[in-house]
Amino acid sequence: MMLMLILSLSVLVAASVLLILSRDTLRLVVGLAMLGGAANLMVFLAGRPGSVLPPIIAAGAETLPAAANPLPQALVLTAIVIGFALLCFALVLIANLARQDARQDSDALRANEPVATDPIKPPVMEP
Amino acid sequence: MLLLLPILIPLAAALLAALLPARGQQMIGVAAALAQVLAAGTLLAVLPEGGRVSLMLGNWPQPYGIELVADTLSAALVLVSALLGLAVMLYSFGRDDQESATRNATTTPLMLGLLASVAAVFLAADLFNLYVWFELMLIATLGLLVGHGSARGNEAAFKYLALNLLGTLLVLVAVALIYAASGQLNFAALQVAGQWPDVAAGLRPYLGLLLLALLLKAGALPLFAWLPASYPVLPPAVLALVGGLLTKVAAYVLLRLSGQVFAVHELWLEALGWLALLTMLVGVLGAAYHWDVRRILALHIVSQVGYLLLGIALASPAAAAGTAYFAVHNILVKANLFLIAGLMFASAGHYDLRHIGGLYAARPLLAVLFLISAFSLVGVPPSTGFWGKFMLLREAFEQERYVWGGGALAVGLLTLYSMSKIWLEGFWKAHPEPAASAGAIPLPAYAAVLLLTGLILVMALYPEPFIHLAQVATAGFWHQGSGT
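Chains as they are written, first to last, in numbering that gives the first Met the number 0: chain A, 0 to 126; chain B, 0 to 483.
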């Protein structure tokens with residue numbers, strides 16, 4: 000179980016780094032979403048995964064030796080929700096960007112930072 | 000309960016404002032900002048000197064519950080951000096010119112959401128809560144950047160998203176690893192856990208990851224590309240709020256974590272000091288290149304963050320007090336300059352210095368207000384920038400960091416160059432297109448600038464209580480000693 004989680008974590012991180020380094024806007028967003036998944040998995044791993052015992056302390060007992068820690072699971076739930084909201088936002092954003100410029104190339108996004116034509120002074124931006 | 004009010008008031012107002020038409024949104028905005036100022040002021044007033052107030056949400060015992068803590072530092076910063084919120088809400092109150100054309104129905108609710116999340120970051124006392132509020136700040140800023148969904152807004156939001164989402168994900172990974180290594184998320188519990196040598200050694204690499212992510216959010220040297228790429232598309236009032244607060248919030252978290260919660264390694268502080276010096280230099284040189292007022296000021300944010308990082312790198316109580324004072328000075332002055340840039344645009348019709356001029360003759364009051372803030376940014380005595388830099392530089396020279404201190408002085412000179420460029424080109428020379436009509440400046444916008452200028456002047460001419468407050472606020476910092 001632990002080995003499987005760790006292997007999938009490393010595959011996720013490697014794939015997301017590859018995608019994030021791409022100039023294609025969709026690949027970048029998918030890469031960020033995958034990195035978010037890897038981060039969530041890492042939070043999950045922080046809480047002794049592997050046990051299927053419910054984290055309920057029996058009456059009279061003081062401790063719960065073998066159960067998984069429920070706190071990281073609560074944290075990961077929060078992180079998943081936030082990550083999902085941001086993923087939706089990012090997908091709509093790049094869809095709008097693709098409508099404006101079909102190349103979907105992050106190097107072509109220069110409406111805001113145009114290439115300087117004058118050797119000394121920056122280009123004038125309309126307000 | 001008082002602890003929750005600075006977060007709850009703007010959040011509730013944001014929900015309410017989303018339902019109202021434009022005029023109602025403006026009124027709710029000003030009312031909520033005023034209420035937040037009152038709540039934050041009361042919070043600061045009821046704090047015992049050097050003491051703290053804490054609230055365990057849901058009554059879970061420490062260290063399991065979500066804890067909110069206000070000490071003097073966080074309460075003072077909540078008050079400053081609320082005052083800034085009041086100024087930016089006043090600035091756009093009752094406007095129906097080109098300023099209102101750049102806003103839409105989501106602008107005011109998102110600004111209120113941003114104010115709530117900034118206050119919550121200042122009051123948060125555990126790492127995961129911090130991460131959640133950072134995400135809320137990110138979401139609100141993204142909404143503000145997109146605005147009307149213009150090509151430039153979308154592009155700015157995309158660049159902001161790509162780097163800042165990476166930053167928050169790194170925060171999340173670091174939080175997970177720190178939790179796995181220490182079993183704690185709460186600041187006070189982490190402080191105790193870090194005193195065990197083996198836990199401290201295990202935490203070190205993860206702490207480095209967390210600090211790296213916060214440096215990205217603060218706009219430090221190699222990772223600030225998102226800032227000048229995105230900020231200049233924002234309308235003036237939003238730009239003042241976002242540009243004044245966000246990077247400083249990350250710098251505050253860096254100060255809190257490295258000064259109070261964790262014992263940071265000496266080597267890391269050494270690296271941070273050099274990074275601060277380079278951040279200052281690169282930011283100010285980038286600003287010297289630009290002619291667009293918004294871009295000049297945006298790159299000066301990067302340069303000023305360098306001073307805050309320098310204060311953290313010096314790692315002493317005196318430097319921490321200087322950092323706190325400088326952060327407050329910088330929030331107010333930078334936001335005020337952005338608002339003044341908006342008024343320059345409203346009066347002269349352009350942001351680029353090559354297309355404007357003659358503002359000294361046309362708007363003498365605006366010229367005086369600009370000079371006060373510009374001199375404060377440069378650090379001409381006796382201004383807020385002077386006191387802040389004086390505290391930081393004296394500590395740098397006392398610790399025999401002559402290169403860091405000398406570099407900071409040189410950056411001050413280069414800041415003077417940028418500010419005199421705005422003065423000479425924008426205010427002093429004649430307008431290149433004399434036929435261009437000057438728009439009128441509405442009274443509330445002047446009131447907003449006057450409010451911030453008044454605060455800057457009080458802090459500059461009567462600095463003693465503020466410096467004392469900064470010293471009280473950071474009294475316990477660097478107590479654990481560096482290099483442990």
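Please note that a few of the clues may not be correct.
[What the hints assert, rightly or not] Restraint-style ranges between C-beta atoms, simulated for each label pair:
| id | chain 1 | residue 1 | chain 2 | residue 2 | range |
| --- | --- | --- | --- | --- | --- |
| 1 | A | ALA115 | B | LEU423 | 33 to 41 Å |
| 2 | A | ARG102 | B | GLY23 | 24 to 32 Å |
| 3 | B | GLY50 | A | ALA84 | 35 to 43 Å |
| 4 | A | ALA94 | B | GLY475 | 45 to 53 Å |
| 5 | A | GLN72 | B | ASN58 | 15 to 23 Å |
| 6 | B | ALA474 | A | LEU52 | 29 to 37 Å |
FYI, nobody ran anything at the bench for these hints, they're computed from the structure.
Heads up, the beta-carbon is just placed ideally off N, CA and C, and yes, glycines get one too.
Evaluation of the provided hints:
| no. | hint | in the structure |
| --- | --- | --- |
| 1 | A:ALA115 to B:LEU423: 33 to 41 Å | 22 Å, violated |
| 2 | A:ARG102 to B:GLY23: 24 to 32 Å | 42 Å, violated |
| 3 | B:GLY50 to A:ALA84: 35 to 43 Å | 38 Å, holds |
| 4 | A:ALA94 to B:GLY475: 45 to 53 Å | 50 Å, holds |
| 5 | A:GLN72 to B:ASN58: 15 to 23 Å | 21 Å, holds |
| 6 | B:ALA474 to A:LEU52: 29 to 37 Å | 46 Å, violated |
Of the numbered hints listed earlier, those contradicted by the structure are 1, 2, 6.
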